[in-house]
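From first to last, the protein sequence lines stand for chains A and B. Quick note: the first sequence uses our numbering, first residue 1, plus one each step. Quick note: the second sequence uses our numbering, first residue 1, plus one each step.
Each hint should be verified, as a subset may be incorrect.
[Unchecked claim] Pair by pair, the computed Cβ-Cβ distance ranges are: (1) B:Lys202 / A:Glu73: 30 to 36 angstroms; (2) A:Ser260 / B:Arg188: 19 to 25 angstroms; (3) A:Phe269 / B:Glu23: 42 to 48 angstroms; (4) A:Trp234 / B:Leu260: 38 to 44 angstroms.
[Claimed, not checked] To give a feel for the contact side, a few chain A residues facing chain B, derived at Cβ under 7 angstroms: (5) Pro34; (6) Gly45; (7) Glu244.
For the record, the hints were derived by calculation from the structure and aren't laboratory data. We treat Cβ as the ideally placed atom computed from N, Cα and C, and that holds for glycine.
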Amino acid sequence: MANRPVSEMRLPPHLAHLLAARRLTTAKDVLSLPEVELMAVLDAGLPTARAAVAHVSEVACPPCQTALALLEERARLGGGGRLATTLVGLDEALGGGIPLGKLTEVVGPSGIGKTQFCLKLALLAALPECYGGLNGRVVYIDTESKFSSRRMIEIGQNSFPQIFRQEGLAQKMAGRILVMRPTSLADFTKSLEQMKVTLLQHDVKLLLVDSMAALTSLENEKATAGSRQHPLRWALSFLKSIAEFSRIPVVVTNQVRSQSNDDGHHFSFEVDGKDDANCAERFDSHLVAALGVQWAHAVTIRLVFESHSGHRFIKVAKSPMSPAVAFPFSVESSGITLLSDEGIDVTGPDITSIRCQGQNILAR
Amino acid sequence: MASSGDPPLLAGAQNAWDMLSDEQSQKHITTGSGGINNILGGGIHCKEVTEIGGVPGVGKTQLGIQLAINVQIPVEYGGLGGKAVYIDTEGSFMVERAYQIAEGCISDILEHFPHSHEKTSSGQGKLQPEHFLAGIYYFRICSYTEQIAVINYLEKFLGEHKDVRIVIIDSVTFHFRQDFDDLALRTRVLSGLSLKLMKLSKAYNLAVVLLNQVTTKFTEGSFQLTLALGDSWSHSCTNRLILYWNGNERYAYLDKSPSLPVASSPYAVTGKGVRDSVSSNGKRVRVM
């Protein structure tokens, strides 16, 4: 819509000619200028500039729908709009499972089970619908070479023994999962671009990026000193738009890093002398998600994998459909399994913190 | 307009006494939480632009959807009986959640007006979640060009849909942060947009609510959270509400208002939507 050429907009002739003469060829060109500057570029009066803006805006504006029409459309498309994870408690908390058309983030310290979770999701999306799957292909973008085919099939054989005993099914399922290993951010970007058409043509039902954070380290440290623009911002928009237009779930994993002084925690009106006491303990025990707050705003669902009190937990930290709740889990031969379907309610700072009490063999 | 019948001294001006009666008759849209309504002086004001910002996950979209539902509370139950325009720039609007929030609002209405089921069938028809969803005009915006286009187009749209009483943009930040490289130009474009929105709110007597994200800023020797889009933008809105975590509770802080003192109030996000937090006072929740 933004790149819609002005020539196709059927504007009144005098406006069309004026815009063409000043080389304002797309909706973006016309609308990116404040009124006064547009007047200067067109060398025309305010009414003309306003008329041009009004016409172009009307055409470039996407059509509106009532929320009721949205609901009916979702109902028509069927499937409940979710990919069930088969982890009952988690599925219930998320309103059925991982939502289609939205970006879901899985974040946690290394070794906690994020990739195990992704492997299971990949399998589930490939399974036929009668077994609760999406019966489609899966694109798995593996930036850290962690994808293990052997492990995925082991998960399949142990979670769905009756399915995987069938002749040739393992091969068929594995054949539906396409693994890509980009070696640089540019590589990744190029693959994504090519993917938009491929996704629809080849019936891809799930896109996984494991992990997103690794892409920033693949990037050379180009000097963008002073620039606060996020290096992955293009990828972020693109993944969101792929999710929406293809109506598929997009799952992205994120790493953690220790807190640094650069992380703001409070608004100016909150800073009240309570800082110093909390600071010390905070830096010791807490981790934050890599990729920053801009990324955190952009994902629709955030699942935090963390460990404390001797157990590992999957915590629904951000979800429009449910309050924050955590489920203890373990990793078995059949993949991730919940130890309890009754979630533990989480409130306050525990929602956003990521705890990792690992077994430190050197500390013994 | 002038009460004394004298010709106005300045064309287009209104004297303060007349404005006072306008201000007093101004309608508010309840947020669902009595506490937040109080610090706002009754609720979200029509004819004003209110910015609501906060960290990810604190409940901005929840409040946006709640307002889109609450603006539709029929006049006979104390609401405005208006419709909502919801401009979604990030894809955060989940229609199933809007349905839940509509159900929650209806159940609160029925609790406070227990005899309403005896009303006529047309009255009954209004108290269905589907009816509330039909009253939300939803735009999905995928770039800053589209965002500028929809705000420009609103003038015509609102002229054709005079029952709209709230316009919500969720979030105003996303595309401008993502894709706008020239920061100076961005500031000028944003200020043009905020002026337009202010004019629309006054001309059509509706509330404009802009949801904003947070960023970090180096002030007073440390990095602090602040709302995104820069200092110039922070001047653009009439009212600013910041949602944040205080211990285990969600709080709303009125950071900027032309007539009310800064104040904060706890609130909660429940299955029914935005409500008062249980621990704040023992009183029953009032939606109206």
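>> Hint validation: Gly45 of chain A versus chain B, beta carbon distance must be below 7 angstroms. Holds or violated?
In response: 17 angstroms, violated
> Does the Cβ pair Lys202 of chain B, Glu73 of chain A satisfy 30 to 36 angstroms?
Replying inline: Because 35 angstroms falls inside the window, the suggested range holds.
> CB of Phe269 of chain A to CB of Glu23 of chain B, is that within 42 to 48 angstroms?
Replying inline: For Glu23 of chain B against Phe269 of chain A, whose Cβ atoms are near 26 angstroms apart, the range 42 to 48 angstroms is violated.
>> Quick check on the hint: Pro34 of chain A CB to chain B CB, less than 7 angstroms?
In response: At 5 angstroms from the nearest chain B Cβ, Pro34 of chain A passes the 7 angstroms test, so the hint holds.
> Holds or violated: is there a CB of chain B closer than 7 angstroms to the CB of Glu244 of chain A?
Replying inline: For Glu244 of chain A, the interface hint holds, since the closest Cβ of chain B sits about 6 angstroms away, which is under 7 angstroms.
> Falls inside 38 to 44 angstroms, the C-beta gap from Trp234 of chain A to Leu260 of chain B?
Replying inline: Hint holds: Cβ distance 41 angstroms, inside 38 to 44 angstroms.
>> Looking only at beta-carbon atoms, does the pair Ser260 of chain A, Arg188 of chain B fall within the given range of 19 to 25 angstroms?
In response: 34 angstroms, violated
Violated hints, listed in ascending order, are 2, 3 and 6; each of the other numbered hints is respected by the structure.
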